[in-house]
Amino acid sequence: MTPERWQEIERLYHLALEHGAGQRADFLARSCGQDEDLRKEVESLLASDEGADAYLQAHPADLAAQALAWDEARRHQPGQTVSHLAHLGRYQIAAELGTGGMGTVYRGTDPAIGRPVAIKVIAGVARSQDAAKLRERLRREARAAGALDHPNIVTVFDVGEDEEVTYIVMEFIQGVTLDELIQQTDGLLPSERALTILAEAARALDFAHARGVIHRDIKPGNIMVRADGSVKLTDFGIASVPAAATLTAPGDLPGTPSFISPEQLRGLEATARSDQFSLAVVAWMLLTGSKPFEGEHVATLLASIAMKEPEPSILLSTESDHVLRRALEKDPALRFASCSKFVEALQGACRPAVATSSPREKLPLRWIGVITAGVILAISLIVFLRRLGREAGNQAQKTAPPGVTIPAPQTVKRQPPPTTPSVTRVEPLPQPGKVRTFSADGLPYVWIPAGSFAMGCSPDDRECADDERPSHNVVISHGFWIGQTETTVMAYKRFARVTGRPMPPEPMFEGRPLNRGWHDDRQPIVGLTWGEGEAYCKWAGMRLPSEAEWEYAARGGDFQPRYGTPDAIAWYADNSGHKLLNSTDLWHAGSARYLEALKLNQNGPHAVAEKAANAFGLRDTLGNVWEWVNDWYAKDYYAGSPDRDPSGPSGGALRVLRGGSWYNGPRFVRVTPRHPNTPETRSVYNGIRCAGDSLSDKS
Amino acid sequence: MAEPSQHEITQLLRAWSEGREEARERLMPIVYDELHRLARVHMGRERPGHTLQTTALVHEAYLRLIDASVENWNGRVHFFAVCAQMMRRILVDWARSRQSLKRGGNLRPVELDDALVVSPQPEVDLVGLDDALRALETVDPRKCRVVELRFFGGLSVEETATVLAVSVETVMRDWRLARSWLRRELTSGKSNDA
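Heads up: the sequence lines are chains A and B, in that order. Each residue of the first sequence is one higher than the one before, starting from 701 at the first, in this note's numbering. Each residue of the second sequence is one higher than the one before, starting from 127 at the first, in this note's numbering.
Worth flagging that the hints you see were computed from the coordinates, not collected in a lab. On a predicted model such as this, the values are computed, not experimentally measured, just so you know. It is possible that part of the hints are untrue.
Stated by the list, open to error - List of simulated lysine to aspartate or glutamate pairs, EDC-like, C-alpha gap at most 20 Å:
| hint | chain 1 | residue 1 | chain 2 | residue 2 |
| --- | --- | --- | --- | --- |
| 1 | A | K1193 | B | D257 |
| 2 | A | K1299 | A | D1336 |
| 3 | A | K1134 | A | E1019 |
| 4 | A | K1193 | B | E284 |
| 5 | A | K1335 | A | E1210 |
| 6 | A | K1193 | A | E1011 |
| 7 | A | K991 | A | E1011 |
| 8 | A | K1193 | A | D1167 |
| 9 | A | K1299 | A | D1167 |
| 10 | A | K1008 | B | E284 |
| 11 | A | K740 | B | E311 |
| 12 | A | K991 | A | E969 |
Use the sequences and the hints to build the structure in full.
Listed below in structure tokens is the structure:
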């Protein structure tokens, strides 16, 4: 076959695939004309394409392992294996317990004292080219672990050699590995149980670290859990005291890829914080049921450990997510000071989320052993009463979330005026919505409860335009999620990478680049058409908010034009540049003057979430960039708007943008201005913020 | 021959990622030896048939051979591409020798339990695949590379696109057609035998 012929086959094959199955025969008959061979060739390829999805899809990793092993076995006669031995040194071998780390583990007995022991054997050490090195590593393991006397660390008794077999004799633990426990519970280990296990593992690690011993290979297979729930760390198998660290050649780095720390990947010396990283991977697994870093094969897994952030999990509260992410920092210096500090923070973050059982059971387990029954009773009572109080408070919040009821005019007057600069309102948020990260874009979303509000021109607002009137009551009948921030450059880059779509043209304002090379990932994405914004939200599993939803969320239960002073809550023309400007005066001086001034002053969008949040915890609803909403624009829509879940006119030429931008003056730092644009418009002021529905609240 | 230094290997890898094919030719034997050396070490450690082993081997080989502190993601992807070619060679050699064993060849049976040689996916005729790939290579070398990287190397579409310096769409189109073509070649081959 000539390359030209092949190219023709290829061309027709792909064109035919674009046709429906029913039209392909016609298409090929038309395209191939008299060339019967060509038609048959393409048709047989198309037939072969049917059902070929699984073909060659799986990497033959297991086959490759076989092949490599076979290749080696050809040259090396396998020797006697340990399983055929009844004795090792003075120890009797009873049964094989499992294979892991660097060798196989057997159950045995020390006949001298009748003590049951576990014996870890490295078979084939003698045949290995690196026999001396492996043996030395094994002895080092014994010495390192033998120096550790701690209730949560497996005791090492002895190390020996027998007929070219090197072995370590350890305390025999009746229990299961955490791996097995996870399997037994289908990955649904209760959070409290998981946290107790993590806490004991952390204590053992801190103890070892204080003595200069790093575990280096923390993973569920090395964490034993006994029937009474206590934890034993085993297999300080590749641990080394720093003095002997020179024995580890660069890159000669055993360890389990899923749990290995990024610094170990880079071939750097493992530290206490490397163990913390691995423990955090275990923690993530226990709390979410999946690993934080995954890859379809080892290259992607390693790349992900080395440079990616874990995908957010809906099963983690924001607080737990923060704690875990800190322990999973790529830079060890940014992690917690110790493993226990990490687990304590995690316990603190998880407590509200796991508090579902009776008050008595919610007592931290570590207290129980140290206090007498009377004290337990007293404390239980206090905790119980406190919790009652808290629950009562929660209940109160639930029944009266902001903006749920339509206030009569006199009620509005009684509302505390939101005039305090909102900086003071950021932490803690007065009425925070639930924040979760669950969508494909990895951005945090806030839950906005169903309710009703007065939409359009706020009472006493003198700056309203005609299209903001009349003010009318609107019911939002379903709660919804909305982005806590505007969609960022980083999130859009991910979208572009995954979908293969291009980034929008780089934003230029009056010939000046605003974010050259999309350099600043934290800024809101700008320059999107309405369609691109919609496509993005769809990809994220979300949608664009309706105009009513947007205003309801932006108000945060408030009835004022804005929820704080413009400078405290928004990036707008006065404060978004190098120096403060009086944009209102500039505007009156003429648009040419205005543009020139903003250009010279280097005004532009800023990183999201730098300004104060509204009462729902949303950032930058006002200022920074205009946000596309789903609705078509009609100037007089409010006059005839339905009062339940209005979704805008059924059609039109313009779509609505809301919230003002870095380019606009203070008049646009208000919750009600409506900005129409043709959907194809790309502008350095226009961005998006997605919303989404949910049957549950995704908590 | 003196063992090449990490630095040299890293340089070779970079040269290849910049398009100098002769660098790959020099890398191949080094990677091949290293994979075998590591396989030897691991043989003593773990039971045969351990699935994670190969990927762990490649990972370990990378860490040993490459000065990871100066190498970037691109280099890593290219390294795995070399491994993909090695894997193809090792796998196909192995499959061929198994065939000859079955046909009563005089290769001494090895003491690996054949019962352990179980593949979770339907067995692929590796020898047939290799032959078909050779045929494909004469008319369309790039599609042959795509299959090598995706199937033998386990690279994702994106990684494959990086190695071949083409778009993701091109890889997906190549992959689809190559798969159809190979599947047809292999099944028609079988029916001819029957």
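Hint-by-hint comparison with the structure:
For the hint linking K1193 of chain A to D257 of chain B, the alpha-carbon distance of about 41 Å lies beyond 20 Å, and the restraint is violated. Annotation: proposed proximity of K1299 of chain A to D1336 of chain A is violated, straight-line Cα distance about 35 Å (limit 20 Å). For the hint linking K1134 of chain A to E1019 of chain A, the alpha-carbon distance of about 11 Å falls within 20 Å, and the restraint holds. Of the pairs offered as hints, the one joining K1193 of chain A and E284 of chain B holds, with about 15 Å between alpha carbons and a cut-off of 20 Å not exceeded.
In summary, the hint linking K1335 of chain A to E1210 of chain A is not supported, as the alpha carbons are separated by about 30 Å, beyond the 20 Å threshold. Between K1193 of chain A and E1011 of chain A the CA atoms are separated by roughly 15 Å; this keeps the pair inside 20 Å, and the hint holds. For the given pair, K991 of chain A sits about 9 Å from E1011 of chain A by alpha-carbon distance, which is consistent with the 20 Å threshold. Distance check on the hinted pair: K1193 of chain A and D1167 of chain A sit about 35 Å apart at the alpha-carbon level, beyond 20 Å; violated.
At roughly 30 Å between alpha-carbon atoms, K1299 of chain A and D1167 of chain A are farther apart than 20 Å, so this suggested pair is violated. In summary, the hint linking K1008 of chain A to E284 of chain B is supported, as the alpha carbons are separated by about 16 Å, within the 20 Å threshold. With a C-alpha separation of about 14 Å, the suggested pairing of K740 of chain A with E311 of chain B holds against the 20 Å cut-off. About 24 Å separates the Cα atoms of K991 of chain A and E969 of chain A, which puts this hinted pair outside 20 Å; it is violated.
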